[in-house]
Amino acid sequence: MRELTYVEALREMMSQEMRENENVFLMGEDIGVYGGAFGVTRGMIEEFGPERVRNTPISEAGITGSAIGSALTGMQPIVELQFSDFITIAMDQLANQAAKLRYMYGGKGNVPMVLRTPAGSGTGAAAQHSQSLEAWVAHIPGLKVVQPSTAYDAKGLLKAAIDDPNPVIFYEHKLLYKTSSEDVPEEPYSIPLGQADVKREGEDVTIIATTVMVHRALEAAKSLAEEGISVEVIDPRSIVPLDEETIIQSVIKTNRVVVAHEAVKRGGYGGEIASMITESEAFDFLDAPVKRLGASPVPVPYNPELEKAMTPQTEDLIRAVKDTLNRE
Amino acid sequence: MLNSVQLYPEKSNDELLSLLKEMWTIRFFDEKVDEFFAKGMIHGTTHLCVGQEVTATGPCAVIKEEDKITSTHRGHGHCIAKGADINRMMAELFGRSTGYCKGKGGSMHIADVEKGNLGANGIVGGGIPLATGAALTSKMKQKDEVILSYFGDGAANEGSFHESLNIASIWNLPVIFICENNQYGMSGSVKEMVNIEHIADRATAYGIPGKVVDGNDLIEVMNETHEAVKHARDGKGPVLIEAKTYRWKGHSKSDARKYRTREEEQAWKEADGIKRFRDLLISEEIVTEEAADNLRKEAKQEVEDAVKYAEDSPEPSIDTLMEDVYA
Chain A
11 MRELTYVEAL REMMSQEMRE NENVFLMGED IGVYGGAFGV TRGMIEEFGP
61 ERVRNTPISE AGITGSAIGS ALTGMQPIVE LQFSDFITIA MDQLANQAAK
111 LRYMYGGKGN VPMVLRTPAG SGTGAAAQHS QSLEAWVAHI PGLKVVQPST
161 AYDAKGLLKA AIDDPNPVIF YEHKLLYKTS SEDVPEEPYS IPLGQADVKR
211 EGEDVTIIAT TVMVHRALEA AKSLAEEGIS VEVIDPRSIV PLDEETIIQS
261 VIKTNRVVVA HEAVKRGGYG GEIASMITES EAFDFLDAPV KRLGASPVPV
311 PYNPELEKAM TPQTEDLIRA VKDTLNRE
Chain B
10 MLNSVQLYPE KSNDELLSLL KEMWTIRFFD EKVDEFFAKG MIHGTTHLCV
60 GQEVTATGPC AVIKEEDKIT STHRGHGHCI AKGADINRMM AELFGRSTGY
110 CKGKGGSMHI ADVEKGNLGA NGIVGGGIPL ATGAALTSKM KQKDEVILSY
160 FGDGAANEGS FHESLNIASI WNLPVIFICE NNQYGMSGSV KEMVNIEHIA
210 DRATAYGIPG KVVDGNDLIE VMNETHEAVK HARDGKGPVL IEAKTYRWKG
260 HSKSDARKYR TREEEQAWKE ADGIKRFRDL LISEEIVTEE AADNLRKEAK
310 QEVEDAVKYA EDSPEPSIDT LMEDVYA
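Residue numbers (our numbering), protein chains in the order written: chain A, 11 to 338; chain B, 10 to 336.
If you are wondering where the hints come from, they were derived from the structure by calculation, not from laboratory data. All C-beta atoms, glycine included, are put in the ideal place defined by N, C-alpha and C. You can take every hint at face value.
In silico DSS-like links for lysine-lysine, alpha-carbon gap of 27 Å or less: (1) A:Lys118 - B:Lys73; (2) B:Lys150 - A:Lys169; (3) B:Lys284 - B:Lys30; (4) B:Lys152 - B:Lys20; (5) B:Lys124 - B:Lys73; (6) B:Lys148 - A:Lys118; (7) A:Lys118 - B:Lys150; (8) B:Lys278 - B:Lys309; (9) B:Lys317 - B:Lys124; (10) A:Lys275 - A:Lys318; (11) B:Lys124 - A:Lys118; (12) B:Lys309 - B:Lys262; (13) B:Lys30 - B:Lys73; (14) B:Lys148 - A:Lys169; (15) A:Lys184 - A:Lys209; (16) A:Lys118 - B:Lys152; (17) B:Lys239 - B:Lys124; (18) B:Lys148 - B:Lys124; (19) B:Lys220 - B:Lys245; (20) B:Lys20 - B:Lys239; (21) B:Lys245 - B:Lys150; (22) B:Lys220 - B:Lys148; (23) B:Lys306 - B:Lys317; (24) B:Lys317 - A:Lys118.
Covered, in the sense of this in silico footprint (three residues per stretch, anywhere, with C-beta under 8 Å from a C-beta of chain B), are these stretches of chain A: (25) 75-86; (26) 108-122.
Chain B residues, not near chain A, derived (Cβ > 10 Å throughout): (27) Lys73; (28) Met202; (29) Arg266; (30) Tyr268; (31) Gln275; (32) Glu298; (33) Asp302; (34) Arg305; (35) Pro323; (36) Glu324.
Pulled out of the complex, with its shape left as it was, chain B reads as follows (with noise of 0.2 Å):
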């Protein structure tokens, strides 16, 4: 438990550890793609979430298992979040047979459906009027779940962002709308593609709650989507949140990054999320440093394990070609 702040609803130790390691996992993880991307192991595109670990981990860490959420093109984050075996989706990844998607999908089609992942989406804003659908299959089974839509400030600017909050908003549906605003739809600063500070803002035009949260702040993070959700488990309809965050990687593997400075990306990585997760946990004495690397090691030896798993996984037969188009 924690003493110098308050998370909402308290986590063990225990629970507070594996949030530290689910986070590292994700990063190690990300942060192995894009090396087997630049050997050009793995073919394809990718879009990584490296510095966006506590958007992923956070919401997710405050729901219920039978809650659902809807992911983005840059989702390995989310389905880790989401309790997705890393081992099908590297496998996934390399496009074998043992993947989440059988090798159809790729890195922007993870889904795990019956974990109530309902899928990333390599459409931008593509998941946020699923994510309402789901909810209002929720409330019309009186199901009790709600569903965390993730998308980014890109997103923000589409149409179905706008006609998925008001048709969310009039229905009053169990959908937590969150926003990581990690500051470039691919090389779109958000400072030329909004006119306003706050994304979040854009609430008050649906008449739902809207909150800004530091997106490197796993606490606030989690508090904030934990008030969201009982807000919607309560039957009071859906609530935005915009997360500030950074992707420290590029778009996808072709990026250059000239759209913005070394410096900035810099002054990112220093807020690390990660980082101050992990002093956190060793100033509150839940965890010593060594106790700490070697759950790092942990991690990055499961990323390992995955790689290991999805090479040794076979191949998918030709035959499997027109499967699965009709159900």
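Here chain A stands alone, though its shape is the one from the complex (with noise of 0.2 Å):
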């Protein structure tokens, strides 16, 4: 199979879709002959254009207003978010435009756009380019919100959303943008929203992480098991709908659950996956109670070591294993 990077599987996808679908162009800035902040569009304008690689002045909330507008009328957006901490820019157009429209107009009309936007921290980018603010979109009903984690993931949960019929915010990890997957088919494939994966079979613990997080609970569950303990890891793929269903059955049968996620732990989504296994009948099955980790409740600092204390690491993950198995 081939390999491919997480930012070779994104360029690779939109360009499918480019080349079958004339209704899907994309806006941002800097996406075209610069090629993207993250590289993800290089040499997409030579292909496609400027008419469909469309580089934009520095006006979010334009650009994301102009998406929702073309949508409602037909064409299909894929925006480019420079960082995902200028989402608070384009917030009005997402939260009360894209978002509710079509509820307010009684089920006439749709939004099928894309938001792309690179988020997270590990780059020295400090406090405004470095946020994981996914809970702010998954609170509003209307959006629909995915974090891929692998090269293979990217390209088939954006075909899916490209697909999709509503907005959809899809975050990408910049520490995630060189990982590789080793099994990138080269036709377009799909990965339905809403399908949780399971990246790693377990029997005693369940670590339910996102993002740049899978990655770390998947280490530390490798480190693990050299001490006999068996860590299942879910990755949700998409929070916004959330595979309820793999969650459940996956604690039903570990009965210890750690949820992680890169977000401040205070408000961060974690908790609502938290409260929904609680809330679930996977309740009577816990033998600890759930734990979660996230990011301490600061701005993400410049300094490496204090931007890495901030965030869970693959050492905290295997305590918090440890913790919920009353084991030192």
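Dock chain to chain to rebuild the complex, using the hints, since each chain is given by itself in its own frame.
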């Protein structure tokens, strides 16, 4: 099978869609000859031209709103928001327009758009370029929220997002752009939104992890296996819609669960997942309290050691798993 | 046809009369809504466009059926001018299942996407980027459609106004930005909130034409919008039109209008655009006073019929609550 990076997988999927579907086009800052801040759209303006790879002014509200208006009238725009922190500037258009138009209009009108945007810390970009604000958009009925953790998932989820008749916020992770999957098919494929993936099967403890935390959970699982602890790692892949069933069944099997994300723990989506578990039939199977891991409630600091200290690392996951087992 | 003034494009007598009737329909519709709110017969809130009928009717009278509009929180007039069925509008205000939004939108969210009304908007300036995007569709799909984006003087101070006009300009999009300057953003007088005489002057900053029109002069509003639409349809890009007008009523139902004088209100009422157009048609002998009165009565009766339709319509089933969040 083919090895492809996360960036290449995204680019390949967008290009394949654009070759097939003339309604699909890109809008964003520096996505033209520059190729996007993280190189995702590199070479695309050369293939598709400036009409379909629209390099925009620095106007997040204007770009997002124009995408919504074009989606409402028959196009399928993909917006690249250069850093997901800038969603603050586009937020009225997302929260008050994209998410609500269909409902407010009594079901007439769709907004089939994708807003791709990189989130996460670990690059030293500090407080205004490193946040994970997915819980903000997950809270708003009308939006869907996707967080691929691998190149394989990125390609398949992006196709599903483009084909979806609703506005989809597609969170990419800066630390994952250069990571590869060894099994990315060349032909287009779709991974349905709302279908979690069991990244590793296990018996003793379930870790529900999103985006970069999936990789730390897998490292933790590997290390714990050496101590005879069997960890199951589940990646929801989309948090709206959320595949509750896969999570519940895993917890019923393992009886212990750790929920981990990079976003600040307070008000983070992990709280929602934890509550969902305790409200479900899995509650009766729990042998330990649901454990949540998330970032400390501080702005993301610049210093690499401080930055690392803020977000859950592999060691934190190992400790959390052991806590649920009452082991040192 | 008119003789004393030139109207572009020319309209037949029947068309001119239907414009007069439409403006009365808009006025009576909103006066009726005002009455119902006062009596507590409709809940929520509403924003009335009484006094602004010309700026609703005029621009919509010079575009094609397939052209589109985006509207504002003060959008009943735009809806009617774009061809909405007032029965379904009134039903929406009553929250009924036969309303445009099945009772889920209310006054501020009436839309008729199929008819090219991309919706009223509860967010000041919220519709301006949507219009820009619709114009982008028109351009990319080579549809030859023009989009009218209605907004007020208040919205002209939102970032979405700036971002959208710039984007529409650099991409040469077929969108007409129509600022209905009704002198107040809620209580904020345009004299307090803007340090220039004309909002249309801002067009210069985006390298597009800007025009100021008398929002009580239907002929002038139609002529200037016609010019702008031609400009946009010819691929020359957007135009900003500022129509000076006045909302006779308060901002919303709870407004005591302490920020302005009754004398000022009276002066604007004397400049009533509907009366002006009616007088013109009479002086041109296109209609007699009596026939005009009949037209007025017809408009009033149709609003009464709409009320009846709304009152007779069923409430939405609670089962519809979760419908239409996602497609």
